[in-house]
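If you're matching positions, the sequence shown starts at 16 in our numbering and goes up one per residue.
It is worth saying that the hints were derived from the structure and are not from the lab. Where a beta carbon is used, it is the ideal one built from N, C-alpha and C, also for glycine. Certain hints may be false.
Unchecked claim - With a cut-off of at most 20 Å between alpha-carbon atoms, the simulated SDA-like pairs for lysine to any residue come out as follows:
id	residue 1	residue 2
1	K277	T311
2	K308	H203
3	K277	P216
4	K321	H203
5	K277	D214
6	K220	S141
7	K321	N268
8	K277	V261
9	K321	Q259
10	K321	A331
11	K334	H285
12	K36	R67
13	K308	E148
14	K277	G176
15	K316	A144
16	K277	V287
17	K217	E201
18	K316	L34
19	K334	H203
20	K220	E148
As the list claims (entries may be wrong) - With beta-carbon atoms standing in for the labels, derived distance ranges:
id	residue 1	residue 2	range
21	G314	T290	42 to 52 Å
22	G58	A227	42 to 52 Å
23	G231	E252	12 to 22 Å
24	K288	Q256	48 to 58 Å
25	L307	P139	14 to 24 Å
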Amino acid sequence: MNILLTGGAGYVGSACLRLLKDSGHRVVAFDNLVEGHADAVDGADLVIGDIRDTSLLEKTLRDHEIEAVMHFAAATNVGESVVNPAYHYDNNVGGTLSLLNAMVAAGVKKILFSSTCATYGLNPSSPMAEDAEQDPCSPYARTKLAVEWMIRDFSHTYDMGFTLLRYFNAAGASTDGRFGEYHHPETHLIPLVLQDILDGPKALKVFGNDYATEDGTCIRDYVHIEDLASAHLLAMEAIEQNTQEVYNIGTGNGQSVLDIIKACELVSGHKVKYTIVGRRPGDAPELVADPLKLQTRLGWKPRYTKIEDTVRTAWAWHKNRPNGYAKK
Numbered sequence: 016m017n018i019l020l021t022g023g024a025g026y027v028g029s030a031c032l033r034l035l036k037d038s039g040h041r042v043v044a045f046d047n048l049v050e051g052h053a054d055a056v057d058g059a060d061l062v063i064g065d066i067r068d069t070s071l072l073e074k075t076l077r078d079h080e081i082e083a084v085m086h087f088a089a090a091t092n093v094g095e096s097v098v099n100p101a102y103h104y105d106n107n108v109g110g111t112l113s114l115l116n117a118m119v120a121a122g123v124k125k126i127l128f129s130s131t132c133a134t135y136g137l138n139p140s141s142p143m144a145e146d147a148e149q150d151p152c153s154p155y156a157r158t159k160l161a162v163e164w165m166i167r168d169f170s171h172t173y174d175m176g177f178t179l180l181r182y183f184n185a186a187g188a189s190t191d192g193r194f195g196e197y198h199h200p201e202t203h204l205i206p207l208v209l210q211d212i213l214d215g216p217k218a219l220k221v222f223g224n225d226y227a228t229e230d231g232t233c234i235r236d237y238v239h240i241e242d243l244a245s246a247h248l249l250a251m252e253a254i255e256q257n258t259q260e261v262y263n264i265g266t267g268n269g270q271s272v273l274d275i276i277k278a279c280e281l282v283s284g285h286k287v288k289y290t291i292v293g294r295r296p297g298d299a300p301e302l303v304a305d306p307l308k309l310q311t312r313l314g315w316k317p318r319y320t321k322i323e324d325t326v327r328t329a330w331a332w333h334k335n336r337p338n339g340y341a342k343k
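Could you build all of it, start to finish, from the sequences and the hints given here?
This is the structure we're talking about:
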């Protein structure tokens, strides 16, 4: 299958691109490289552009005879979305509208969308199934929910098949060292802790220790990036023109912030200094996936079930590539 990956040079996009490529699909990455890295596409075709450029998207779809789209491109910084919601709505919602219009014009009928568990908001149910109430509590999460509905509406009108994948927390790096997590600025917990170990203590903060959890810190479901990519491959290959599916991607197991710090200490052999500060607005006490639907419908099964194994791959990546995809 000829597949276009918007945001294909990003962390999740590049992991999926490599697996698709290794599985015999022809892949094209479309990325503006604001957050992505050209080296991450591993020799695949790369079109540098903004998804709000509908004409360039349509040309790319036609020139490469694209049959399906994996849509990753998005602004994802939750805190920034509160300060600058206009940018997130323009990029995430406006960009998706541009993509869908290009797909309609080029006759592309299949789309897989990278959504998020953040659309569930502060929903108290855990583990979280796909039919849980969605009540997002940040502009970022609301843009993702808006895009879900936009895709549903386009599917109804233009006979598109779609699958929405709501990730929990992507983590780790490839075991062969080909790709890993590198953001600037970094906001994700595991790389923040590991960078703190490598670069020397800075001001690692734990936001709140008074939640109704065993150790008082927030609990999240961390899914290894290679397991996340395998779920995308299975979901993409299952999309037909009448497909209308939603899947959560997570392990079904949760780790607290302090659990993650302890795992990083165990793997690295270094103690981590941190400071407890107040809660961040909008942080749910616990977000853990119920992956049963994904497992039973598509036969997905995570290979990484111990958080230490996931952290170990991240630690190897950060030690060997302290500057990410930049030259050493």
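Verification of the supplied hints:
Under the criterion of a C-alpha separation no larger than 20 Å, the hint pairing K277 with T311 is inconsistent with the structure, at around 33 Å. Taken as a hint, the K308 and H203 pair is broken in the structure, with Cα atoms around 27 Å apart against an allowance of 20 Å. Between K277 and P216 the CA atoms are separated by roughly 15 Å; this keeps the pair inside 20 Å, and the hint holds. For the proposed pair K321 and H203, the alpha carbon gap of about 19 Å is at most 20 Å, so the pair holds.
The straight-line distance between the Cα atoms of K277 and D214 is roughly 18 Å, inside the 20 Å bound, and the hint therefore holds. This hinted pair does not check out: K220 and S141 have alpha carbons roughly 25 Å apart, beyond 20 Å. With a CA separation close to 9 Å, the supplied pair K321 and N268 stays within the 20 Å bound. Between K277 and V261 the CA atoms are separated by roughly 33 Å; this puts the pair beyond 20 Å, and the hint is violated.
Restraint check for K321 and Q259: the C-alpha separation of about 32 Å exceeds 20 Å, so the hint is violated. With a CA separation close to 16 Å, the supplied pair K321 and A331 stays within the 20 Å bound. Restraint check for K334 and H285: the C-alpha separation of about 13 Å stays at or below 20 Å, so the hint holds. Our distance criterion of 20 Å between C-alpha atoms is broken by K36 and R67, whose separation comes to about 26 Å.
Under the criterion of a C-alpha separation no larger than 20 Å, the hint pairing K308 with E148 is consistent with the structure, at around 17 Å. Of the pairs offered as hints, the one joining K277 and G176 is violated, with about 43 Å between alpha carbons and a cut-off of 20 Å exceeded. This hinted pair checks out: K316 and A144 have alpha carbons roughly 16 Å apart, not beyond 20 Å. Distance restraint check for K277 and V287: the Cα-Cα separation of roughly 8 Å lies within the 20 Å cut-off, and the hinted pair is therefore satisfied.
Taken as a hint, the K217 and E201 pair is honoured in the structure, with Cα atoms around 13 Å apart against an allowance of 20 Å. Taking the CA atoms of K316 and L34, the gap is near 16 Å; set against the 20 Å cutoff, the hint holds. At most 20 Å may separate the alpha-carbon atoms for a hinted pair to count; K334 and H203 meet this at roughly 17 Å. For the proposed pair K220 and E148, the alpha carbon gap of about 30 Å is over 20 Å, so the pair is violated.
With their beta carbons about 44 Å apart, G314 and T290 fall inside the hinted range of 42 to 52 Å. Separated by about 48 Å at the C-beta atoms, G58 and A227 satisfy the suggested range of 42 to 52 Å. Between G231 and E252 the C-beta distance comes to about 42 Å, which lies outside the given range of 12 to 22 Å. In this structure the supplied range 48 to 58 Å holds for K288 paired with Q256, their Cβ-Cβ distance being about 55 Å.
The hint said 14 to 24 Å for the Cβ distance between L307 and P139, and at roughly 19 Å that hint holds.
Taken one by one, the earlier hints fail for this structure at numbers 1, 2, 6, 8, 9, 12, 14, 20, 23, listed in ascending order.
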